[in-house]
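J.: Sequence:
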Amino acid sequence: MAEENNQVLPQEGEQQEGVQLSLQDIATVVQIIDICSRRGGFEGQELEAVGGVRNRIVAFLNAASEAQGQEAPEGQVPVEEPSVEEVADD
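Numbering (our numbering), first residue to last: 12 to 101.
The set of hints was computed from the structure by calculation and includes no laboratory data. Computed from a prediction, not measured in an experiment: that's the story for all the values here. No residue lacks a Cβ here, since even glycine has one placed at the ideal position from N, Cα and C. Check before you lean on any hint, since a few could be wrong.
For each label pair, taking beta carbons as the anchor points, the in silico distance ranges come out as [said to hold, decoys possible]: (1) Q79 x G55: 29 to 39 Å; (2) G80 x A60: 16 to 26 Å; (3) L58 x G80: 30 to 40 Å; (4) E28 x R49: 34 to 44 Å; (5) Q31 x A74: 18 to 28 Å; (6) Q42 x E77: 12 to 22 Å; (7) E82 x I43: 31 to 41 Å; (8) E91 x L34: 17 to 27 Å; (9) G51 x E28: 16 to 26 Å.
Please model the entire structure based on the sequences and the hints provided.
T.: In structure tokens:
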């Protein structure tokens with residue numbers, strides 16, 4: 012059976028809005044990669060590919076920010092307080 016397409020298409024007379032992706036969103040992706048890495052979310056053989064993508068994203072973010080005359084934004088993932096187990100391990 013063919014897979015269903017669940018995309019919502021604009022109705023007649025409506026204009027489809029363009030997808031928006033900000034430098035802040037891209038910075039958040041880098042932060043998510045870092046969090047997943049710290050938590051052991053990647054296996055050893057995946058680390059080179061994940062690190063390469065992360066480095067390219069950071070390079071793009073820095074170049075785009077510089078071109079706009081801004082500092083590279085920080086990610087927007089809330090910072091968690093370390094759990095009691097994490098503190099005890101230190």
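J.: Against this structure, judge whether each hint is valid.
T.: Hints and how they fare:
no., hint, in the structure
1, Q79 x G55: 29 to 39 Å, "holds, 37 Å"
2, G80 x A60: 16 to 26 Å, "violated, 33 Å"
3, L58 x G80: 30 to 40 Å, "holds, 34 Å"
4, E28 x R49: 34 to 44 Å, "holds, 35 Å"
5, Q31 x A74: 18 to 28 Å, "holds, 20 Å"
6, Q42 x E77: 12 to 22 Å, "holds, 20 Å"
7, E82 x I43: 31 to 41 Å, "violated, 20 Å"
8, E91 x L34: 17 to 27 Å, "holds, 24 Å"
9, G51 x E28: 16 to 26 Å, "violated, 38 Å"
Consistency note: the structure conflicts with the earlier hints numbered 2, 7 and 9.
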